[in-house]
Amino acid sequence: MIRDVVVIGGGPAGLAAAIEAKKNGAEDVLIIERDKRLGGILQQCIHNGFGLHIFKEQLTGPEYANRFIDEVKNYKIDYMLDTMVIKIDKDRNIIALTPNDGIINIKSKAIVLTMGCRERTRGALNIPGNRPSGIFTAGAAQRFINMEGYMVGKKVVVLGSGDIGLIMARRMTLEGAEVKMVLELMPYSTGLKRNIAQCLHDFDIPLYFNHTVVRIHGRKRLEGVTIAEVDSERKPIKETERFVECDTLLLSVGLIPENELTREANIPIDNITSGPIVDESMQTMVEGIFACGNVVHVHDLVDYVTFESRIAGRSAAKFVKGQLSFNDKSFKTKGTYGIRYVVPHRIDPLNVDDSVNFFMRVDNVYKNVYLTVKNNGQIITKVRKAIVTPGEMESVVVKRSILEKLNKGDIEFTLEEIKND
Amino acid sequence: MYDVLIIGAGIVGCAIARELSKNELNIAVVEKGYDVSCGSTKANSGIVHAGYDAHEGTLKAKLNVRGCEMYEGLCKELDVPYKNNGSLVVAFNEEEQKEVEVLYKRGITNGVPNLKIIEKNEILSMEPNIKDNVICALYAPTAGIVSPFEMAIALGENACENGVEFIFNCEVSNIYKDKDKFMVETNRGIFEANYVVNAAGINSDKISKMLSGRIFSMIPTRGEYCLFDKIIGDLVEKTIFPTPTEKGKGILVSPTVHGNIFIGPNAIYQEDREDTSTYIEGINEILYGAQKNVNGIDMRYVITSFAGIRSKTNVGDFIIDIPQRGAVNAAGIESPGLTSAPAIAEMVVSLLCDQGLVLRKKKYFKANRSNTKKFIEMNDEEKKKALEQNPLYGRIICRCEHITEGDIVNAIRRPLGAISVDGVKKRVRAGMGRCQGGFCMPRVMEILERELNIDRKNINKDGPGSYILTGRTK
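Those sequence lines, one after another, are chains A and B. Residue numbering for the first sequence follows numbering that gives the first Met the number 0, beginning at 0 and increasing consecutively. Residue numbering for the second sequence follows numbering that gives the first Met the number 0, beginning at 0 and increasing consecutively.
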């Protein structure tokens, strides 16, 4: 059977994309989810703060997911659980594996990739020392505690001030563990400001910037870590080393989009985001294959994932109906001077409905800057920012009417200092 | 009362057990660790060496060449992934070039087949990522790669299927003779045996002493490794060695049988026999060593680093002898111990026979392991059949390596099955991929809990004491 749209992944991105595809006229939409339930990582995020932008209220992760799951059911969108896609190709053939039906082949008119991301591990950081138990990614600990009902330790050090790490510092404190400290390699946090306040300050958990773990101790279970301050090149300063006793180390040191399927299908990947290169319709460089959510770039708010995924779902439906135009009037986006990356990577103004919301991350903390969008040396638009940090995604909206007037060159995003005059 | 009691369930002990199990004998293996392959075997380069390194006339030379010859057949019999990928010893200056010539001559004397010295162009056409200032290389087409712990597990499992008893968490403290019988004292009681084999790896000096055998000193040598993501798995196809130094074979760059790349080891002498921790200096050393020979070694793609201990001694060769009547030492088995293990087993059995052990071939020796293939390795037909028989093969637990629930259940239920998270990992690779178990560990524990019928809180990562969970939430 040929499906209209197959969405790979049943997390927030997949759910929103599937619903939007269906709403926009794709008849036969299928979600393939490898877990036993829909909702993705939101299932284990039992803290609140989700949905402020989309629903104008504070929801927990499962609540946020449920709104979409209910909608999937209302729209009678098909979904397969406990099913893992093991291969896709450029012609949109899908091979998946599932306990009930074994290996299945699905052909699809459009695919939306929403496989999310995974956490960086100790191995990727290459922290030397022993290899005891008691070292977890913050997400794995979250799953044990929130979904399985088990505690993973009593005395905890958190490495990295990513949001999951901050939230787990609070969660473990509430469960009776002693969270000794959070260490951050950089001179600034990579987590949201509100999480630093609500998860660390409110519980008197110290946060040390310019610090890292330089050694793991303990042969069976973790017995402690040696921590050190780092210099401006992020190299540990020997004299500052000290031992901290703990039985648990949580790592919250960055997320990596899960693009194994994408790579195997030879879909071009952006080296900075580690996600596929996408255009204004969230279409990858392979026709009919779309992507959205954390598989494209790591978002800090699920609301933004939803915004982005709605575009992908709508575009996939348009593509199926032959309404997505193709021409070579495509502009590339480019981040310079402080902007690490911009998504989408390419823009065809003719496919833009009303405007494009450009998402980007800065490479350092900057105060009092303009976020400026330029084309051909001309300023298209600029936004004043009191502060920008790598931990918070920035976005700029550009209207179709402006994009239509561009005629050559890249769309450039830069930070400009505001001079006091 | 055992006919033969083997001390140590590493690659050597397991190979000996399996070789002996072809006969009508009552055999036991006692192992200090909680599982097969807990010591040196666990963290090893996994190279099946061709046999040009060891000096002429040594046991190492003889057993290496013989072992290499046996490996492929043995792996086929036991269904262990093996790849005959060949090896290159690369030279970048005149001095190293001379060393390559020395190795070539030594290899010929040792009886290594098809050795060849090749020049720059041929090297680069074989391995385009080797640094292009390479001058020449020794090419050994008979070298191969294998997963060391999978090999040890396979040998142990097959020995077990053929009646060998394995006793884990069993540490030998003393051995004495009561008339003609050996009395082996352990923390789990006294075992009696007619014959004793010392395959105790890093502690083989202690056992040799207990057997009033040769006194030698162990020089525990730690070697660090880094394992890389499959993304750069095609960097080299052959195993790339620098020219050796007095410290050893040097830092190599090699693919693994499963498609990763790894680099290492260095060689650090240390007092401690158990310290397998890594150090930043060591990691930098192997990185530098690897980058000297091969382009594209990018630390961004490291997925894990680890260290192993080698049973190096002051003797300089394997110690395979008769410490006292009825006993055999297979001691000080450092590199090329993995390669030599099958040949060591043959030699140990023949030394036992010299002392009166009578071998009566078993009628029903089961040479092949069965039902060992992982789902991902099956062909379409096999996959279909596996799924029909067991739908659990349709559920992927380890996303990175595509290991299914069926594979994991199999790893637990097989003879000498997994009882820990790392036990599952060593047997079927769940958790060995780029996410290092971040996603699959909770699910592997769930399966262990169900299959072994033990509480999840009592499931260890590795050996006793390496608990993962500390209790229920509030």
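What the hints contain is simulated information worked out from the structure, not anything from laboratory work. This structure is a prediction, so every number in the text was calculated from the model and none was measured. Check each hint, because a few of them may be wrong.
Within a straight-line C-alpha distance of at most 20 Å, the following computed PhoX-like cross-link-like pairs (lysine-lysine) qualify [claimed, not checked]: (1) A:Lys219 - B:Lys31; (2) A:Lys333 - A:Lys404; (3) A:Lys407 - A:Lys373; (4) A:Lys373 - A:Lys404; (5) A:Lys86 - B:Lys382; (6) B:Lys360 - B:Lys61; (7) B:Lys456 - A:Lys219; (8) A:Lys35 - A:Lys75; (9) A:Lys153 - B:Lys473; (10) B:Lys361 - B:Lys372; (11) A:Lys154 - B:Lys456; (12) A:Lys86 - B:Lys229; (13) A:Lys331 - A:Lys384; (14) A:Lys154 - B:Lys473; (15) B:Lys383 - A:Lys86; (16) A:Lys331 - A:Lys404; (17) A:Lys192 - A:Lys384; (18) A:Lys153 - B:Lys382; (19) B:Lys311 - B:Lys248; (20) B:Lys246 - B:Lys31.
Please name the hints from earlier in the document that this structure breaks, with their numbers sorted from lowest to highest.
6, 10, 13, 18, 20
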